[in-house]
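Novice: Chain residues, written in single-letter form:
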Amino acid sequence: MEFVWFIFLPALAALFIPTLFRRVTGIHTGWFVLIVPVVLFVYYSTYLPLTASGDHAVSSFDWIPSLGISFVSYLDGLSLLFTLLITGIGALVVLYSIFYLDRHKEKLGNFYVYLLLFMTAMLGVVQSDNVISLYLFWELTSISSFLLIGYWYTRDGSRFGALKSMMITVGGGLMMLGGFVILGILGDTYSIRELISGLSDYSGDPLFTLAAVLLLFGAFTKSAQFPFYIWLPDAMEAPTPVSAYLHSATMVKAGLYLVARFTPIFAESSVWIWLVSGIGLLTLMWGSFFAVKQTDLKGILAFSTVSQLGLIMSLLGAGAIAYHSDDTLFRLAMFAAIFHLVNHAVFKGSLFMIAGIVDHETGTRDIRKLGGLMSVMPISFTVAFIGGLSMAGIPPFGGFLSKELFLDSMVALKQFELFNFDTWGILFPVIAWIASVFTFVYSFYFVFKTFTGEKKFDKLPLKPHEAPIGMLISPIILAISVIALFFIPNIVGKWLVAPAVMAAQPQLYSLPSEAAVHVQAWHGFEYIPMWLTVGVIAIGALLFTSIKKWQPVYGMQPEKLSLNALYDGVMTLSEKGMNKLSRFYMNGLIRTYLLYMFAFFSIMTIVVLFAKGAFKLDMSSLSPITLFAVMNAIVAILGTGMVIMSKNRISAIIALGAVGYSVALFFVLFKAPDLALTQLVIETISVALFLLAFRHLPALKTHGETKQNKLVNEIIAIGVGLSVTLVALSAHSNKLVASISQYYKDTVYTEAGGGNIVNVILVDYRGFDTLFEIAVLSIAGIAVLGMIKLRLSRKGSDDEKE
Amino acid sequence: MELLMAIVAGILFTAAIYLILSRSLIKVILGTGLLSHGAHLFILTMGGLGGSAPPVLLDGVTEYADPLPQALILTAIVISFGVTAFILVLAYRTYAVHKTDDLNSMKGNDEHD
Numbered sequence: 006m007e008f009v010w011f012i013f014l015p016a017l018a019a020l021f022i023p024t025l026f027r028r029v030t031g032i033h034t035g036w037f038v039l040i041v042p043v044v045l046f047v048y049y050s051t052y053l054p055l056t057a058s059g060d061h062a063v064s065s066f067d068w069i070p071s072l073g074i075s076f077v078s079y080l081d082g083l084s085l086l087f088t089l090l091i092t093g094i095g096a097l098v099v100l101y102s103i104f105y106l107d108r109h110k111e112k113l114g115n116f117y118v119y120l121l122l123f124m125t126a127m128l129g130v131v132q133s134d135n136v137i138s139l140y141l142f143w144e145l146t147s148i149s150s151f152l153l154i155g156y157w158y159t160r161d162g163s164r165f166g167a168l169k170s171m172m173i174t175v176g177g178g179l180m181m182l183g184g185f186v187i188l189g190i191l192g193d194t195y196s197i198r199e200l201i202s203g204l205s206d207y208s209g210d211p212l213f214t215l216a217a218v219l220l221l222f223g224a225f226t227k228s229a230q231f232p233f234y235i236w237l238p239d240a241m242e243a244p245t246p247v248s249a250y251l252h253s254a255t256m257v258k259a260g261l262y263l264v265a266r267f268t269p270i271f272a273e274s275s276v277w278i279w280l281v282s283g284i285g286l287l288t289l290m291w292g293s294f295f296a297v298k299q300t301d302l303k304g305i306l307a308f309s310t311v312s313q314l315g316l317i318m319s320l321l322g323a324g325a326i327a328y329h330s331d332d333t334l335f336r337l338a339m340f341a342a343i344f345h346l347v348n349h350a351v352f353k354g355s356l357f358m359i360a361g362i363v364d365h366e367t368g369t370r371d372i373r374k375l376g377g378l379m380s381v382m383p384i385s386f387t388v389a390f391i392g393g394l395s396m397a398g399i400p401p402f403g404g405f406l407s408k409e410l411f412l413d414s415m416v417a418l419k420q421f422e423l424f425n426f427d428t429w430g431i432l433f434p435v436i437a438w439i440a441s442v443f444t445f446v447y448s449f450y451f452v453f454k455t456f457t458g459e460k461k462f463d464k465l466p467l468k469p470h471e472a473p474i475g476m477l478i479s480p481i482i483l484a485i486s487v488i489a490l491f492f493i494p495n496i497v498g499k500w501l502v503a504p505a506v507m508a509a510q511p512q513l514y515s516l517p518s519e520a521a522v523h524v525q526a527w528h529g530f531e532y533i534p535m536w537l538t539v540g541v542i543a544i545g546a547l548l549f550t551s552i553k554k555w556q557p558v559y560g561m562q563p564e565k566l567s568l569n570a571l572y573d574g575v576m577t578l579s580e581k582g583m584n585k586l587s588r589f590y591m592n593g594l595i596r597t598y599l600l601y602m603f604a605f606f607s608i609m610t611i612v613v614l615f616a617k618g619a620f621k622l623d624m625s626s627l628s629p630i631t632l633f634a635v636m637n638a639i640v641a642i643l644g645t646g647m648v649i650m651s652k653n654r655i656s657a658i659i660a661l662g663a664v665g666y667s668v669a670l671f672f673v674l675f676k677a678p679d680l681a682l683t684q685l686v687i688e689t690i691s692v693a694l695f696l697l698a699f700r701h702l703p704a705l706k707t708h709g710e711t712k713q714n715k716l717v718n719e720i721i722a723i724g725v726g727l728s729v730t731l732v733a734l735s736a737h738s739n740k741l742v743a744s745i746s747q748y749y750k751d752t753v754y755t756e757a758g759g760g761n762i763v764n765v766i767l768v769d770y771r772g773f774d775t776l777f778e779i780a781v782l783s784i785a786g787i788a789v790l791g792m793i794k795l796r797l798s799r800k801g802s803d804d805e806k807e
Numbered sequence: 035m036e037l038l039m040a041i042v043a044g045i046l047f048t049a050a051i052y053l054i055l056s057r058s059l060i061k062v063i064l065g066t067g068l069l070s071h072g073a074h075l076f077i078l079t080m081g082g083l084g085g086s087a088p089p090v091l092l093d094g095v096t097e098y099a100d101p102l103p104q105a106l107i108l109t110a111i112v113i114s115f116g117v118t119a120f121i122l123v124l125a126y127r128t129y130a131v132h133k134t135d136d137l138n139s140m141k142g143n144d145e146h147d
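Chains A and B are the protein sequences, given in the same order.
Heads up: the first sequence begins at 6 in this note's numbering, then just goes up one per residue.
Heads up: the second sequence begins at 35 in this note's numbering, then just goes up one per residue.
Please note that the accuracy of each hint is not assured.
Unchecked claim - Reference listing, derived: stretches of chain A covered by chain B, where coverage requires no fewer than 3 residues with Cβ under 8 Å from a Cβ of chain B:
#1 116 to 126
#2 146 to 160
#3 565 to 573
#4 599 to 613
#5 672 to 678
Stated by the list, open to error - Derived CB-CB ranges, DEER-like:
#6 Leu91/B - Ile69/A: 50 to 60 Å
#7 Ile787/A - Lys141/B: 27 to 37 Å
#8 Lys133/B - Thr711/A: 16 to 26 Å
#9 Val742/A - Ile113/B: 25 to 35 Å
#10 Gly618/A - Lys133/B: 48 to 58 Å
#11 Ile745/A - Ile113/B: 36 to 46 Å
#12 Met140/B - Ser783/A: 20 to 30 Å
#13 Met140/B - Thr711/A: 15 to 25 Å
Just so you know, these hints were derived from the structure itself, not from any lab.
Since the model is a prediction, treat every value here as computed from it, not as a measurement.
Glycine included, each C-beta is placed from N, C-alpha and C at the ideal position.
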């Protein structure tokens, strides 16, 4: 069994969801959906022993072999870790959503289809070894995220947030594709494994750095790094299960995954190291500082997610430094990054679920209206307390351990001697420490502003009470995991983190056990990070208690200078600009459009004819000119002139008829009796029809056309006429291949048993053409009848009148 | 002869395009009529005009006119008749509904349905 197909299992299940939702009304659709992530989680867990031993499993399916594009399920430590996060958190989120979304009021069919689609997309991103299919799944996550954010599509905010996230993440994805293509050309393969093994052949290429930067655009937009993070707070319009799943635990980590996955390739680039660690640190600082400004519970969590993603990003950047130094000091960072990624997924998932519960049970997420909920919602408070303290980096919760590892790695950066780190490196621990203080403040702000303090229940839209137990199961499981991570970090490290670290730094380790870091809570009094943590708690507590005094600082930032204003400005400007441009060349006049077409046609034809040397006039093959033909040509030209010049309808029609009859005479002269007969009959009917119809039309008018318009018309008309003449002559003089006519002449009697070659071609060789010709005539006839008989009423319904 | 016919076809096209680009609906229809005549002569000229006998099998005749362009044109004549009839009625309805044959006043875009 090729396990690459398991990626598509959720998408396959999605096919049945709409039917289940409509037919099985007694059971919440979520229960059926829940089966999928649970089954996948159990299935993928069986690969744990394999990856823990440093091995990997591959299953692939050729999609477009001629272009080297295939679906590959490549399971090593890194992809398996993400796979388990996607399916594990996915299962908990689906369970939570069953109680969060009412099955009578919500369009669950849509919701779960999008969610399952996302699951497939995300599994594809983390398991693909082929960069092109990785890109495909990557954009599919953006699209499913767009659909999920816009799930309540009647709300303006949802539509705005959905569009914003799509514009930014898909734009970044496109740049990433550019990076992939450059890598594919440099390394002559689309397989990531082959790119890594063939690295030395192309890493010196000047395009290598460009590929790194383009790839980072994709990673930074997806993982909401500064300055692209602005889509994430607006994405909070999505239903809370979606925020917990996509916008904190999985999709936004796709950028981190990408950076980790490509670290073995780009680690030697100093641009990569500086961008990843620098932007990561800036995002960490920015996000944690502005989280305290937010008044929406989910807004705080959104900025906190931005900040935490920045933290992991900076660690990944520091992890690449391990390639440049033999000192094991720098090997800590990658381990810290992966370990914190796990911690963050767990505690942030629980916090989002609590925010959803508070919203669900009180009717608001505005922190200014909330307070004192601890007495009515004790379980929710406990979960929030555990998650919040883990986020703040306080023992005995998992976040404390990874936070210390983080501080340790940042302090170590000072020791690095390349790329100016010995001078600028001091900034890393300083900024990391300040950001940690703010992380402490917003964690406490979130937990204690909501659950303790003054009770203001009368101002809440709903009377608050504890959530139903079903809704609490998922956050409780996550909260227990948060505590478990503190007590068994080394088991998690051995099975999940170390194999992932090895996958991200394959050149450094040959076994996962070499990558494992022994995590412990207590290192003794000489351990600098411990003192940093004490400082964070002390200053943080001080800032939190005095929050009312300094929070007004945030009011000082003018709205117009924000990144959001920049985004809005660019969007309106490009929309208006595009509109203006379209209106300029698409003015609604049929003449304008025809002008474009005719001008393009004649210019293209004439230019190509001469540029390619295709024009040729073979005087020797011309047939002799006869007197009759010349006379007839004069008649045709005079008739044509009359059609243009005539001032009344009747003379124009008669002149047109004269041209038609002269064409019939041409057919006689050129030995085409069938054509001549047909032309004569048709021309007669046409003239009659013209006379009949023109009786109902107004007299010929010029409608005051300007001289300038007429001149343009003349030039274009002459251009088209000239190109027609040139093409006719060239086609006659350049016989590149033998005509099929000879075949008809030879076989018309033996094969088709006829003597009149033209007739036989029409009814026999090209019988279908004639059939379709009849069909066209019938359609024209029906249309003519319809236009004369049918009248459309104002409402648009057909309404026949005589 | 081909030179002459190519020029005649070119003149027919020139006149047709000139009429089609004008603002009057009637002139546009006249233009499409000329356009089909031009196209027929164009196809005929491309194939060559030197045949000494109609493409009908007769004992003793070996040099026929090229039957292929003729077959194409025969189809084209009928189709262009269908199109002409359709356009004429379309013009008639347009004038009946909008009371004008000025194409500039018939322009439309997304803003008004």
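Novice: Determine for every hint whether it applies to the structure shown.
Specialist: We went through each hint and held it up to the structure:
Closer than 8 Å: that is the beta-carbon criterion, and the region 116 to 126 of chain A has 0 residues meeting it against chain B, so the requirement of 3 is violated. Requiring three or more residues with a Cβ within less than 8 Å of a Cβ of chain B, the coverage given for the region 146 to 160 of chain A is violated, as only 0 such residues are present. Look at the region 565 to 573 of chain A against chain B: 0 of its residues bring a Cβ nearer than 8 Å to a Cβ of that chain, fewer than three, so the hint is violated. Beta-carbon proximity to chain B at under 8 Å applies to 3 residues in the region 599 to 613 of chain A; the threshold of 3 is reached and the given coverage holds.
Counting residues of the region 672 to 678 of chain A whose CB lies closer than 8 Å to any CB of chain B gives 5, so the stated coverage by that chain holds, three being the minimum. Under the hint 50 to 60 Å, the C-beta atoms of Leu91/B and Ile69/A, about 52 Å apart, fit the expected range. Judged by the Cβ atoms, the range 27 to 37 Å given for Ile787/A and Lys141/B holds: they are separated by roughly 28 Å. For Lys133/B and Thr711/A, the Cβ-Cβ distance of about 24 Å falls inside the hinted range of 16 to 26 Å, so the restraint holds.
Under the hint 25 to 35 Å, the C-beta atoms of Val742/A and Ile113/B, about 26 Å apart, fit the expected range. Checking the proposed 48 to 58 Å range against Gly618/A and Lys133/B shows it holds: the Cβ atoms sit about 54 Å from each other. Evaluation of the 36 to 46 Å hint for Ile745/A and Ile113/B yields a failure: the beta carbon distance comes to about 21 Å. The given range of 20 to 30 Å is respected by Met140/B and Ser783/A, whose C-beta atoms sit roughly 28 Å from each other.
In this structure, Met140/B and Thr711/A meet the distance hint of 15 to 25 Å, their C-beta atoms being roughly 19 Å apart.
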